[in-house]
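These protein sequence lines map, in sequence, to chains S and E. Mapping to our numbering: the first sequence position 269 is 644, numbers consecutive. Mapping to our numbering: the second sequence position 271 is 646, numbers consecutive.
Hints should not be assumed to be uniformly reliable.
For chains that are exact copies, the list does not tell them apart, and a pair is met inside one copy or across any two.
Below 30 Å or equal to it, Euclidean Cα-Cα: the simulated DSSO-like pairs (lysine-lysine) are [claimed, not checked]:
id, residue 1, residue 2
1, Lys527, Lys513
2, Lys513, Lys671
3, Lys656, Lys458
4, Lys656, Lys671
5, Lys386, Lys458
6, Lys527, Lys671
7, Lys406, Lys527
Hints are computed from structural coordinates only; laboratory data are not their basis.
2 protein chains.
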Amino acid sequence: MNDYPFTSLTKSLPSTVPFVGPEAQERQMGKPFQARIGANESVFGPSPQAIEAMRLAAMDVWRYCDPENHDLKEELATIHGVKPENIVVGEGIDALLGNLVRMIVSNDTPVVTSLGAYPTFNYHVAGFGGRLELVPYKNDREDPETLIERAKATSAPLIYFANPDNPMGSWHDANSVQAMIDAVPEGAILCLDEAYIEFAPELTAPPIDVSNPRVIRFRTFSKAYGMAGARVGYGIAEAGLALAFNKVRNHFGVNSIAQAGALASIRDRGWLLNVRQLVDKARNEIAHIARANNIKPLVSAANFVAIDCGRDGVFARRVLNELVTRGVFVRMPFAAPQDRCIRVSAGRPEDLAAFEAALPEAIKAAELF
Amino acid sequence: MNDYPFTSLTKSLPSTVPFVGPEAQERQMGKPFQARIGANESVFGPSPQAIEAMRLAAMDVWRYCDPENHDLKEELATIHGVKPENIVVGEGIDALLGNLVRMIVSNDTPVVTSLGAYPTFNYHVAGFGGRLELVPYKNDREDPETLIERAKATSAPLIYFANPDNPMGSWHDANSVQAMIDAVPEGAILCLDEAYIEFAPELTAPPIDVSNPRVIRFRTFSKAYGMAGARVGYGIAEAGLALAFNKVRNHFGVNSIAQAGALASIRDRGWLLNVRQLVDKARNEIAHIARANNIKPLVSAANFVAIDCGRDGVFARRVLNELVTRGVFVRMPFAAPQDRCIRVSAGRPEDLAAFEAALPEAIKAAELF
Numbered sequence: 376m377n378d379y380p381f382t383s384l385t386k387s388l389p390s391t392v393p394f395v396g397p398e399a400q401e402r403q404m405g406k407p408f409q410a411r412i413g414a415n416e417s418v419f420g421p422s423p424q425a426i427e428a429m430r431l432a433a434m435d436v437w438r439y440c441d442p443e444n445h446d447l448k449e450e451l452a453t454i455h456g457v458k459p460e461n462i463v464v465g466e467g468i469d470a471l472l473g474n475l476v477r478m479i480v481s482n483d484t485p486v487v488t489s490l491g492a493y494p495t496f497n498y499h500v501a502g503f504g505g506r507l508e509l510v511p512y513k514n515d516r517e518d519p520e521t522l523i524e525r526a527k528a529t530s531a532p533l534i535y536f537a538n539p540d541n542p543m544g545s546w547h548d549a550n551s552v553q554a555m556i557d558a559v560p561e562g563a564i565l566c567l568d569e570a571y572i573e574f575a576p577e578l579t580a581p582p583i584d585v586s587n588p589r590v591i592r593f594r595t596f597s598k599a600y601g602m603a604g605a606r607v608g609y610g611i612a613e614a615g616l617a618l619a620f621n622k623v624r625n626h627f628g629v630n631s632i633a634q635a636g637a638l639a640s641i642r643d644r645g646w647l648l649n650v651r652q653l654v655d656k657a658r659n660e661i662a663h664i665a666r667a668n669n670i671k672p673l674v675s676a677a678n679f680v681a682i683d684c685g686r687d688g689v690f691a692r693r694v695l696n697e698l699v700t701r702g703v704f705v706r707m708p709f710a711a712p713q714d715r716c717i718r719v720s721a722g723r724p725e726d727l728a729a730f731e732a733a734l735p736e737a738i739k740a741a742e743l744f
Numbered sequence: 376m377n378d379y380p381f382t383s384l385t386k387s388l389p390s391t392v393p394f395v396g397p398e399a400q401e402r403q404m405g406k407p408f409q410a411r412i413g414a415n416e417s418v419f420g421p422s423p424q425a426i427e428a429m430r431l432a433a434m435d436v437w438r439y440c441d442p443e444n445h446d447l448k449e450e451l452a453t454i455h456g457v458k459p460e461n462i463v464v465g466e467g468i469d470a471l472l473g474n475l476v477r478m479i480v481s482n483d484t485p486v487v488t489s490l491g492a493y494p495t496f497n498y499h500v501a502g503f504g505g506r507l508e509l510v511p512y513k514n515d516r517e518d519p520e521t522l523i524e525r526a527k528a529t530s531a532p533l534i535y536f537a538n539p540d541n542p543m544g545s546w547h548d549a550n551s552v553q554a555m556i557d558a559v560p561e562g563a564i565l566c567l568d569e570a571y572i573e574f575a576p577e578l579t580a581p582p583i584d585v586s587n588p589r590v591i592r593f594r595t596f597s598k599a600y601g602m603a604g605a606r607v608g609y610g611i612a613e614a615g616l617a618l619a620f621n622k623v624r625n626h627f628g629v630n631s632i633a634q635a636g637a638l639a640s641i642r643d644r645g646w647l648l649n650v651r652q653l654v655d656k657a658r659n660e661i662a663h664i665a666r667a668n669n670i671k672p673l674v675s676a677a678n679f680v681a682i683d684c685g686r687d688g689v690f691a692r693r694v695l696n697e698l699v700t701r702g703v704f705v706r707m708p709f710a711a712p713q714d715r716c717i718r719v720s721a722g723r724p725e726d727l728a729a730f731e732a733a734l735p736e737a738i739k740a741a742e743l744f
């Protein structure tokens, strides 16, 4: 290994990745997965209108994308009842989280999140030299009161909170989230990740208030809109905060075909309703399959179901590995005690049939191990 | 403006953008450009095979992209005679430049580049707190010897050099570039931006040698491959350096449709040859138009021609503005004395006809100003 002129921070970082993609697992196994229900993608796909818009946009891909994402921002602003200057669009929520962390975090900055919450957020915090302050889940839900308390105790300028939560699918209602927003201490910003909000019950998202400089909300086209491969996410924030992303973002970063697809996709409300129904049905089916195998599905407000395998993380990992071996791609939480679960994304009937077929054998094999 | 808990570095950064997109100008003017020949895009478009691959990939966009960019890396490795671990793929060269700068640059790190070279590189250096050491062009070409000397004098760990150069279109031959690579001081890395290399004469690029840890070469699908809106660029480097990007990159950042298009596009060598011929013809035509208007085209190894308007930057800016007003989108160098030129990208016959029609009036109006 050569001695590159890296900063001391860079030298300290691991070359590992937050997630291994299912493609890497497929290459290792030498065969494709039969069911791809591990990354909370929307296997139901994007709106047919979005597909058509992307096909049309393909021949214009010789043009650089609009770095202001003008048309998409206008439409998002209309939908959310805010102004375009309250919207920042990026290469998925992942890129925007990186931008936000970069603006706030430097050497040893304390940052509060839940133990076992989104690893890519943690990756960014570590990547900019921050110090993670980890708050345990409480009854398999993120714990807003303790997150705020920890932020106060450590003077953390940044707090991460996902609602609904990934990987558990649990959630808090709008009143609780509003209470959390109201409690954000001065000098701190709440990063409210609402990637799964479209799957949640009514009254899960508090009203959007862009006059509040202490919260930024993130939404995505990767989940309900079925465009994970497109890489389009956005933040909604007070204009000064949204504008500040211009200091650090990759201005020409959002693919032009993706911008066209995202625009068409939010205009097709019928498709969104359709996907919601399909996800609801799939969640019920996953729960049914779990119960039939004497393991316990948790109630979910997202497009996946965490299933309590009834023992510890080692056992759940075995069940997961046995499913993967049988061609069913699923994932699981990282931290105890949530890692007693496996996490299964909503699938089409054929995906869930593969899961249903593999699960009894997987559990049996895990028990025999 | 609220007092956000930004780092002192973030607070010091401007919210301005490296480039204003032509779409923003069009919105301001209230009409589209007649000719879009300002951003060195390939108006000839991508390979028809790439378009077809992207159209096909659109319906699978519900899947996250392969974060390892496996298939694309394999193909690029084969073409360049290196191993996949010598390749790093990112959201355009822009994103990779950001990653590279982030790994090397922190507070007050000296970084060497040419005065008037690629602004987005400078944006990244400023964004990570670095200090730019600017070396003037020499006879409208970047000056390898002085760049190396300055790196030695300042102990700069990072040097930027583009071959062919943007915005002038000038270039150095392979022997000169190899001599520069060989002269990179210990503890420094040469960032060799070869975005325009496909348009250059034979023997402009020195052989690729991935055993050398002191150089990383960047290539792109935005120029000759006609996929600027797709956002795919790549670096070729010693494996340890290429792998280190995993410490900081946005792993799921490269759009899946773009990956499919890039793969199809490098397999279509015929299209690349076709584009090269069209660009060569367009460069000649631009030169012809310039001479017919008594302004001086510079010889170019890229898909654009810098035209010396014969006076200073103020005059060239006027010519540019008059062209823009007449529906012809062009750009110009930022720094004197190169800013005596306007920069015109290779266009189709109809684009260059619009340029030809507007130029005499534009010069006349600029002279009358």
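List of violated hint numbers, smallest to largest: 3, 6 and 7
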